[in-house]
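Can you build the whole structure from these sequences, using the hints too?
Chain order of the listed sequences is A and B. The opening residue of the first sequence carries number 0 in numbering that gives the first Met the number 0; numbering runs sequentially from there. The opening residue of the second sequence carries number 0 in numbering that gives the first Met the number 0; numbering runs sequentially from there.
Please note that the accuracy of each hint is not assured.
[Claimed, not checked] A few chain B residues facing chain A, derived, Cβ under 10 angstroms:
| # | residue |
| --- | --- |
| 1 | Ile56 |
| 2 | Phe149 |
| 3 | Arg181 |
| 4 | Leu182 |
| 5 | Arg184 |
| 6 | Ala188 |
| 7 | Arg194 |
| 8 | Ala198 |
| 9 | Gly200 |
| 10 | Glu272 |
Treat the hints as calculated values from the structure; they're not laboratory data. Yeah, the Cβ is synthetic: ideal placement off N, Cα and C, and Gly gets one too.
Take a look at the letters that make up each chain.
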Amino acid sequence: MSSLLAMRGVTVRFGGVVALAEVDLDVALGSITSIIGPNGAGKTTLLGVASGMVQAAAGAVSFLDRDVSAAPAHARGAAGMVRTFQNLEVFSNMTVLENVMTGCHRHVGYGVVDCLLRTGRFRREERRCREHALKRLDFVGLADKAESRAGDLPYGLQRRMEIARAIAADPTLLLLDEPAAGLNTRETQALGELITAIRESQGVTIVLVEHDMDLVMRISDAVMVLKEGRNLAVGPPEAVQKDPEVIKAYLGEDDED
Amino acid sequence: MAPTRKNLLGLGAWTLLMALTPHLLTNDYYVSTLIIGFFNAIIVVGLNMLMGYAGQISLGHGAFYGLGAYVSGILAATYGVPVEAAGLIAIIATGLIAWGIGIPTLKLSGHYLAMATLGFGVIVSIVFNEAVETTGGPSGLTGIPRLTLFGITMESDLSYYYVTGLALTLVMALSLNLIQSRLGRALRALHTSERAAEAVGVDIARYKLFVFVLSAVFAALAGVLYAHYLGFAAPSSFGFHFSVTLLVMVVLGGMASVWGAVAGALFLTALPEFLRAFENIETVLFGGILILGMMFLPSGLAGGTAKLTRALLGRFRVGARRV
Ligand SMILES: Nc1ncnc2c1ncn2[C@@H]1O[C@H](COP(=O)(O)OP(=O)(O)OP(=O)(O)O)[C@@H](O)[C@H]1O
Ligand SMILES: [Mg+2]
Numbered sequence: 000m001s002s003l004l005a006m007r008g009v010t011v012r013f014g015g016v017v018a019l020a021e022v023d024l025d026v027a028l029g030s031i032t033s034i035i036g037p038n039g040a041g042k043t044t045l046l047g048v049a050s051g052m053v054q055a056a057a058g059a060v061s062f063l064d065r066d067v068s069a070a071p072a073h074a075r076g077a078a079g080m081v082r083t084f085q086n087l088e089v090f091s092n093m094t095v096l097e098n099v100m101t102g103c104h105r106h107v108g109y110g111v112v113d114c115l116l117r118t119g120r121f122r123r124e125e126r127r128c129r130e131h132a133l134k135r136l137d138f139v140g141l142a143d144k145a146e147s148r149a150g151d152l153p154y155g156l157q158r159r160m161e162i163a164r165a166i167a168a169d170p171t172l173l174l175l176d177e178p179a180a181g182l183n184t185r186e187t188q189a190l191g192e193l194i195t196a197i198r199e200s201q202g203v204t205i206v207l208v209e210h211d212m213d214l215v216m217r218i219s220d221a222v223m224v225l226k227e228g229r230n231l232a233v234g235p236p237e238a239v240q241k242d243p244e245v246i247k248a249y250l251g252e253d254d255e256d
Numbered sequence: 000m001a002p003t004r005k006n007l008l009g010l011g012a013w014t015l016l017m018a019l020t021p022h023l024l025t026n027d028y029y030v031s032t033l034i035i036g037f038f039n040a041i042i043v044v045g046l047n048m049l050m051g052y053a054g055q056i057s058l059g060h061g062a063f064y065g066l067g068a069y070v071s072g073i074l075a076a077t078y079g080v081p082v083e084a085a086g087l088i089a090i091i092a093t094g095l096i097a098w099g100i101g102i103p104t105l106k107l108s109g110h111y112l113a114m115a116t117l118g119f120g121v122i123v124s125i126v127f128n129e130a131v132e133t134t135g136g137p138s139g140l141t142g143i144p145r146l147t148l149f150g151i152t153m154e155s156d157l158s159y160y161y162v163t164g165l166a167l168t169l170v171m172a173l174s175l176n177l178i179q180s181r182l183g184r185a186l187r188a189l190h191t192s193e194r195a196a197e198a199v200g201v202d203i204a205r206y207k208l209f210v211f212v213l214s215a216v217f218a219a220l221a222g223v224l225y226a227h228y229l230g231f232a233a234p235s236s237f238g239f240h241f242s243v244t245l246l247v248m249v250v251l252g253g254m255a256s257v258w259g260a261v262a263g264a265l266f267l268t269a270l271p272e273f274l275r276a277f278e279n280i281e282t283v284l285f286g287g288i289l290i291l292g293m294m295f296l297p298s299g300l301a302g303g304t305a306k307l308t309r310a311l312l313g314r315f316r317v318g319a320r321r322v
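Rendered as structure tokens:
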């Protein structure tokens, strides 16, 4: 079978800035594929194009063997491609549980009439959604925070909650944008385990944008390096790590810091 | 489900209070004030869902109210359509118009809805004023028959009070149900982050459109009840001024609370009546009370009451521990 997500020749311009230039990305089903690169390389923009939130000037995106280039963001979400955000996008006015229940949106099976009249189906589905959300909260270790206001959670827990919300959608493909940003070493370690567990227990394919090189090299099956909006290298983590281009352009920079 | 039981209790208490109130009032005039308050509350509950939950602003709900009143009034008074049918047609027609306005504007993010509804309100006002043959022009449409339901005409104010109170209760119950569902969660979610809502598959344009149309339908329902109560409709009751008053009711009541919406509407409807005693300084007092409300109740009557209850309960608990 071909890739779960395939992006071909993706080009994005913001005014004069070329954020992405003919970038290709292939994500194999069941893999953890990481995208790394210096600040401003275009990683977030690439996730934006994949999820339909950034308009590409050229290129094609296919998901589950269907061309979704023209599909709006919500349709991609509903089709099972769910993302998180580099700058947290928490529904701060809702409880943690309600946030995660919102994640269930795409597989709650009732219509407007059901909720206006609170039919039997409504109650059944709502109970199922609630239990599902609680399970996901438990999975990320936030079960005891279900009734807290999401905005009151400490930063690290808000990151976890965003992941719980995303996996409550039972995605086929999960796009994570710098989930370790702002986390300490111990939290990052735990996050790595969580990401692996999501793949193992739920069979979710994962795209990970991350700066933390240890985390990336430890859990990825494939790594793609972006620099100034261009593909620099792609391959298994060990190979990418040894790639002279990458060492020169990216990892070398890190050593200088 | 606990929250539902809470709603049921709340609605039960409300219905009881609503049913008893006319018998506690000494002056029949207050009953008619309450009826007008109920009309406003029906609109404000809908508008609050649009503003408080979905974060969209409409400056045209006065016009939807007016459309409900005029369409139903004209059909019944001029064309002799039975009142029930006239009302139903008016509500459906208003909903369709709102849908037509919402489709192009709600696809865009930003305050396009506010602008579109502002323009729409102006146009509707012009039509009410200028289409004299049909609407009666600036002096108004007269001779609208009283509301009839299942062959019974609601002649007395008391019967009208109960019909309107029941309609409001129904609107409240439907709204409460809607809010505690996937739809309500989607609305609150897109209010905070449209991107994050879309990321989990929420079709945000569709949900905004739905709640906008629903709020217009509620406004039209209130308009129908209004027309067949007063027997009369004039353009000045449905203009920009009234649309803004409705927004003030939402904000004063407290965004994102059905109970707050009802409280805000009833309070602001009754307030001018109470202030009438202070003839000369009536307007100043009205403005002063609004400003004080905004200063000391930033989250509206609903938020203020919740805070007060918590504070009292807290004190009670502390007191109990000391004993
Ligand atoms: N909405 C936007 N408008 C204008 N320019 C943008 C916009 N979003 C991104 N850019 C620019 O596009 C380029 C790529 O940005 P992007 O956010 O995709 O990088 P990134 O690899 O995610 O960086 P970081 O590691 O800092 O998150 C940058 O030069 C950035 O300034
Ligand atoms: Mg980024």
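Evaluation of the provided hints:
1. Restraint check, Ile56(B) versus chain A: the minimum CB separation of about 17 angstroms is more than 10 angstroms; hint violated.
2. At a threshold of 10 angstroms, the smallest CB-CB gap from Phe149(B) to chain A is about 22 angstroms, leaving the interface hint violated.
3. At about 5 angstroms, the closest approach between the beta carbon of Arg181(B) and any beta carbon in chain A falls short of 10 angstroms, and the interface hint on this residue holds.
4. For the restraint placing Leu182(B) at the interface with chain A, the shortest Cβ-Cβ distance is roughly 6 angstroms, inside the 10 angstroms limit, so the hint holds.
5. A hinted interface residue such as Arg184(B) counts as satisfied when its beta carbon comes closer than 10 angstroms to some beta carbon of chain A; here the least separation is about 5 angstroms, so the hint holds.
6. Because the smallest distance between the Cβ of Ala188(B) and any Cβ of chain A comes to about 5 angstroms, under 10 angstroms, the interface hint for this residue holds.
7. The restraint placing Arg194(B) at the interface with chain A holds, with a minimum CB-CB distance near 6 angstroms, inside the 10 angstroms limit.
8. A least Cβ separation of about 5 angstroms between Ala198(B) and chain A falls short of the 10 angstroms threshold, and the interface hint therefore holds.
9. With a cut of 10 angstroms, the hint placing Gly200(B) at the interface with chain A holds, because the nearest CB-to-CB distance is about 4 angstroms.
10. For Glu272(B), the shortest C-beta to C-beta distance to chain A is roughly 34 angstroms, which exceeds 10 angstroms, and the interface hint is violated.
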